[in-house]
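Heads up: the protein sequence lines correspond to chains A and B, in order.
Just so we're aligned: the first sequence equals residues 55 to 396 in our numbering.
Just so we're aligned: the second sequence equals residues 83 to 299 in our numbering.
These aren't lab readings, by the way, just hints derived from the structure by calculation.
Computed from a predicted structure; not experimentally measured.
All C-beta atoms, glycine included, are put in the ideal place defined by N, C-alpha and C.
Hints may be right or wrong, so weigh each one.
If you want the footprint, here are the derived chain B segments under chain A, 3+ residues with CB under 8 Å [stated by the list, open to error]: (1) 111-123; (2) 207-213; (3) 221-233; (4) 289-299.
Restraint ranges, calculated between C-beta atoms of paired labels, are given here [to be verified]: (5) B:127 x A:94: 47 to 55 Å; (6) A:270 x B:200: 19 to 27 Å; (7) A:130 x B:248: 55 to 63 Å; (8) B:212 x A:85: 31 to 39 Å; (9) B:200 x A:85: 22 to 30 Å; (10) A:270 x B:288: 29 to 37 Å; (11) A:112 x B:282: 20 to 28 Å.
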Amino acid sequence: MIQIRNISKTFRQNNKVFRALDGIDLEIAEGDIVGIIGSSGAGKSTLIRCVNLLEKPDSGQVLIRGKDLTTLDSKSLARERKKIGMIFQHFNLLSSRTVFENVALPLELEHVHKTEVSRKVTALLKLVGLEDKAAAYPANLSGGQKQRVAIARALANDPYLLLCDEATSALDPATTQSILQLLRDINQRLKITILLITHEMEVVKSICNHVAVIDHGRLVAKGTLEQLLSGNSHPVLRQFINTNHMSIPQELYKGVKEKYAEGLFPLVEIELNGNIPFEKLIDTIYYHFQIPYKLVKAEVEYLGKANFGKLLLHLLGTDKSNENAIQYFNQNNIKNTIKGYA
Amino acid sequence: MLDSNISLLAKGLGETVFMSFASCFFGFVLGLPAGVVLFLTRKGQLLEQSFYHRLLSTVVNVFRSIPFIILIVWMIPFTRTLIGTSIGVFAALVPLSIGAAPFIARLVENSLLEVPQGLIETARAMGASPFQVITKLLLPEALPSLINNATITLITLVGYSAMGGAVGAGGLGQVGYQYGYIGYDAFIMNAVLLLLVLLVFAIQFTGDKLSKKFNHR
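Looking at chain B on its own, in the form it has when it is part of the complex (with noise of 0.2 Å):
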């Protein structure tokens, strides 16, 4: 009984921590170029173009506006297109991806923000390319802020993906709702919590120690 428990949980454990990290990932590369456009095209930045800055930003908000659990529900034809089901982990990934990608976006326009004015102008007085300001100058220079904001962003995941888990994501949420909830299994619950906390701690822990790593300044 206690070994099937260690099992499911242990599965579970691993499914979440699957979806967030690569979530999280996909997350970024939809997110990361996003914030990128949404910080150049801002008004007095390298590429000022205020049309798709509104534009882009308009899009931005209105995915953040929808909630999650819609969102997972609204998007299940466009994952069955892709993925060729509506369930498990892989399906998950989608809904999770795309829910996250304009929360990263405004995360890393904010990050970008935080870099000081002077040292684009150095940039742009040597020479460099918008190309170049982007890779050499902004990203290194907001890396410390995108590595706390991964962070938040990853933590965020953990509970989407449990809430996934309701409308059968699989992972840690699937196994607190249908074991602890609907199974009224006490154990597992608790268990499922304690998990999840942990998970928190770690990946806080961790996005603390690397941030703090590459911030010299």
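Just chain A, same shape as in the assembly (with noise of 0.2 Å):
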């Protein structure tokens, strides 16, 4: 269990404050895997570095497994750290060692015996798929191969928690996948807390099971990804779900006028944030309202049972079903636009 209470930091620079944490609160249940998203500068990095006091907090505790590790001692310090593994988005490995030496570097620090480090090296390689990169040295493998060094390394003191400073932001999406893959093995086969942060939607969705959302230095939001995405969820968190702006195509832009006029139709832009189905909305408005319509643009995001995004609908009914439709999602709080008529 991590109990983060309270913490607050504040940077001085040149004069200038700057609160990057406010007050915080975060549980962390045993198990569990945690994303904290936010924009950049919000605080998620100074948040994470908190944990295991990279950064040492104004106030507030950290309190991991009962233990406060805001007021230990640095040799006691050093002792808990050791059984919290972490990685980062620029990895940091030491270029002077190979992808074995860099994996053995906690084991050395811990005097362990030469026997035993190649043996669990060799094991924890296998683990991440590098057995055979062992000799090489990290300019020469790729992102996602030296981020899995990287997870070896902070694997290699059996911690108990591991956490991940933008550990995908510097990888494509396709190696993210298979890095976040990998993390969520490690969380279901050794039993690994994992904390994460990042200000990519795709990495929360794809591994967290809670996600807090900073904003500010201050966490707006916290819970289960559904429970958040359901009913008022939070701005911000919507921000990074409906990102994308949805541009009328050029095509049909020309025609587009602003006011109404007689033989044109409303271009529509919708809003999905999880109160209604996509398919129950394109059903409602062909079957109950009797309306035609195009789909111009369409960007949906299925998070569990609810659906995120944006349409861009072209309604070609009566203006009274026109009316009556746009009336209907006014009053089930779906939210809508008229872009113009065309």
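Could you use the hints to bring the two separately framed chains together as a complex?
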């Protein structure tokens, strides 16, 4: 169990005061995968670095398995850190050491016997699928391979907690997924708790059981992903889901008028916030309101049972039925904007 | 005549090589720890101590600003108590090492600054002690750069040792000065120059090779 209690951190630079963390409270259950999402500068990096005290918070407590890390002297803190693995955005492998030697480093620091080191490192490299790269230097590996080495290294001391500081942000989407798959594997096989921070919704969706949203140094929402997305989800979180702006296609745009006129039909942008499934919305428009429509654009995400995203619909019904449909949207809290008439 | 010239030059070369390498070694014995301390006590580093950083930095700057020829003469009493004499190859090692040490300290500090900050942080996250950070991470990661700096130091010391030759240190400097300049022997003078050039080339070549060998970036 990890409890972060009322953590605050302020940075001062050139007489400017910047409050990076402002009274953060967070509890992480043993064996869970928790994601903290936030945009850059929101304080998420500072927060994860406060967990193993790479950054010392100004106030508050970090309780890990009942022990308050903020009160420990540097020796005891180092001992606790050995049981907390950490991986980074830029992998942070030692260029002077081979893959094998990199993974062996935490064990060397513990003065583990050579044969034991060799046995353990071989097993770890097998776990991350890099047995054949043991003698290679990091410079000759791809980004994904480097992060696998970093993961193996982070696991060398059998940690119970793994901190991931933007671990996939420097990787392409396919590699990101394979690293996330590996993390999920590790979580299930080795029962290691994982705390990760990211600015990518994909990451959170892929592996996190619980999510917290950080904005301007405060946790503005926390819970399971479905909890956060259902009902009145926080605007910051929504911003991570509906990131894309729906532009009207060039061809259509030429004919779009701002004002209604006879013979023109409304172009409506609809935002799905999980309160109505995509199919149900479409069915209602077509069967209930009898509106033939053109689906100009759609971007729909399926998160559990909830649908998120944006649609651009050209409603081609009669004026009356179009109006009824829009009224129905408003009554059911379906956010809609008329982008024009064509 | 030629035979005695060659043995003179060979002896001078041997002494120069010995003085340069030995004083480089002792220079590193003093300068490496000083450089590591300079680095670690810097603002934002592992053992941030601005007072000690400034103190050591000042000492380094003072010794670096003394011209080497003055340093040799100024250190004569100290050299005499340490070695028993102020002339000869061994006596020259004292001012050469002391002169090289602050130079090396700065070079080491710079080499360590090239190690990415993220790596130090990673070692801290692993629970490494400051001593382990130095021995397992900082020095191995900076090794190629440290070898380059040792090369620069060695070449500087070849020059310093020749300067020392003018005041009785021995080596190619003394041969060139005594037999070439005072004795007015153009052959000796040019031979000394050629040998020094070849020595410097050899050091640079070997240094580059070694640095490359240890560089896996």
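Supplied distance hint 19 to 27 Å, evaluated on CB atoms of residue 270 (chain A) and residue 200 (chain B) = holds (25 Å)
Between residue 200 (chain B) and residue 85 (chain A), does the beta-carbon spacing fit 22 to 30 Å?
-> About 29 Å separates the Cβ atoms of residue 200 (chain B) and residue 85 (chain A), which means 22 to 30 Å holds.
Given as covered by chain A, does the segment 221-233 of chain B meet the bar of three residues or more with CB within less than 8 Å?
-> holds (count 3)
Whether chain A covers the segment 289-299 of chain B (at least 3 residues having a Cβ closer than 8 Å to its Cβ atoms) | It holds, with 3 qualifying residues against the three required.
Outcome for the supplied range 20 to 28 Å, where the beta carbon pair is residue 112 (chain A) and residue 282 (chain B) | Since the Cβ atoms of residue 112 (chain A) and residue 282 (chain B) sit about 55 Å apart, the hinted range of 20 to 28 Å is violated.
Check the following: the C-beta atoms of residue 270 (chain A) and residue 288 (chain B) are separated by a distance inside 29 to 37 Å.
-> Given range 29 to 37 Å: violated, Cβ gap about 57 Å.
Has the segment 111-123 of chain B got at least three residues whose CB is nearer than 8 Å to a CB belonging to chain A?
-> violated (count 0)
Between residue 212 (chain B) and residue 85 (chain A), does the beta-carbon spacing fit 31 to 39 Å?
-> Holds, at about 34 Å.
Chain A over the segment 207-213 of chain B, status - at least 3 residues with CB closer than 8 Å = holds (count 5)
Do residue 127 (chain B) and residue 94 (chain A) keep their Cβ atoms within the hinted range of 47 to 55 Å?
-> violated (26 Å)
Between residue 130 (chain A) and residue 248 (chain B), does the beta-carbon spacing fit 55 to 63 Å?
-> With a Cβ separation near 59 Å, residue 130 (chain A) and residue 248 (chain B) satisfy 55 to 63 Å, so the hint holds.
Violated hints, listed in ascending order, are 1, 5, 10, 11; each of the other numbered hints is respected by the structure.
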